[in-house]
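S.K.: Hey, can you work out the whole structure from these sequences and the hints?
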Amino acid sequence: MRRFAAVALTAGTLMAGMAAVGAPAEAAATGSWKPYNSYSHVAAWGSYKRSGGSTAVTGYLADDKTNGWTACVRFKFTEGSKVYWSRFKIVGYKNGASYNFDGKATVKISVKSSYGSHMWVQECGRNKKTGKYYYGKGKKIF
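Take -5 as the starting number for the sequence shown in my numbering and just add one per residue.
The reader is advised that the hints may include incorrect statements.
[What the hints assert, rightly or not] Straight-line Cα separation of at most 25 Å, SDA-like style, residue types lysine to any residue; simulated pairs: (1) Lys102 x Gly74; (2) Lys122 x Trp39; (3) Lys70 x Gly130; (4) Lys133 x Gly25; (5) Lys131 x Gly90; (6) Lys102 x Gly90; (7) Lys76 x Ser45; (8) Lys59 x Val85; (9) Lys106 x Trp39; (10) Lys102 x Tyr33; (11) Lys102 x Trp39; (12) Lys88 x Ser45; (13) Lys70 x Asn121.
Hints in this document: simulated from the structure, not taken from any laboratory. Note that this is a predicted model, so its numbers are computed, not measured.
M.R.: This is the structure in structure tokens:
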């Protein structure tokens, strides 16, 4: 039996759960996000909530075809000169082992960042033969 999950791969400064020092007080704000449609057969969408200088993102990542690519989505959060990246890809599990899934699947994703000034999102794909990630055009959400 196969199971699917989204795995968050993070790089950059990890500050989850910590309030940014010197961040201005702001009212809670919510909205939706969706990257530019850079790649066929990849889709990502969801919502975000900004409160107390941090940002919480939830949503979905979907792939609708077996084509040699693993679907992924990447977020960039900033606070002044500080940057936090978070990337999600679809991972399959079979017989206790994980692998980069290529096929039809939809998974739920979520991330929280203590950086709340700006957020960008972009579709991406991981080539199953080379293992390289390719990124579409970034979209500024706020």
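S.K.: Against each hint, give a clear statement of whether it holds in the structure.
M.R.: Comparing the hints with the structure gives:
no. : hint           : in the structure
1   : Lys102 x Gly74 : 29 Å, violated
2   : Lys122 x Trp39 : 23 Å, holds
3   : Lys70 x Gly130 : 13 Å, holds
4   : Lys133 x Gly25 : 14 Å, holds
5   : Lys131 x Gly90 : 35 Å, violated
6   : Lys102 x Gly90 : 20 Å, holds
7   : Lys76 x Ser45  : 18 Å, holds
8   : Lys59 x Val85  : 15 Å, holds
9   : Lys106 x Trp39 : 16 Å, holds
10  : Lys102 x Tyr33 : 19 Å, holds
11  : Lys102 x Trp39 : 10 Å, holds
12  : Lys88 x Ser45  : 39 Å, violated
13  : Lys70 x Asn121 : 22 Å, holds
In terms of the numbered hints stated before, the structure departs from hints 1, 5, 12, listed from lowest to highest.
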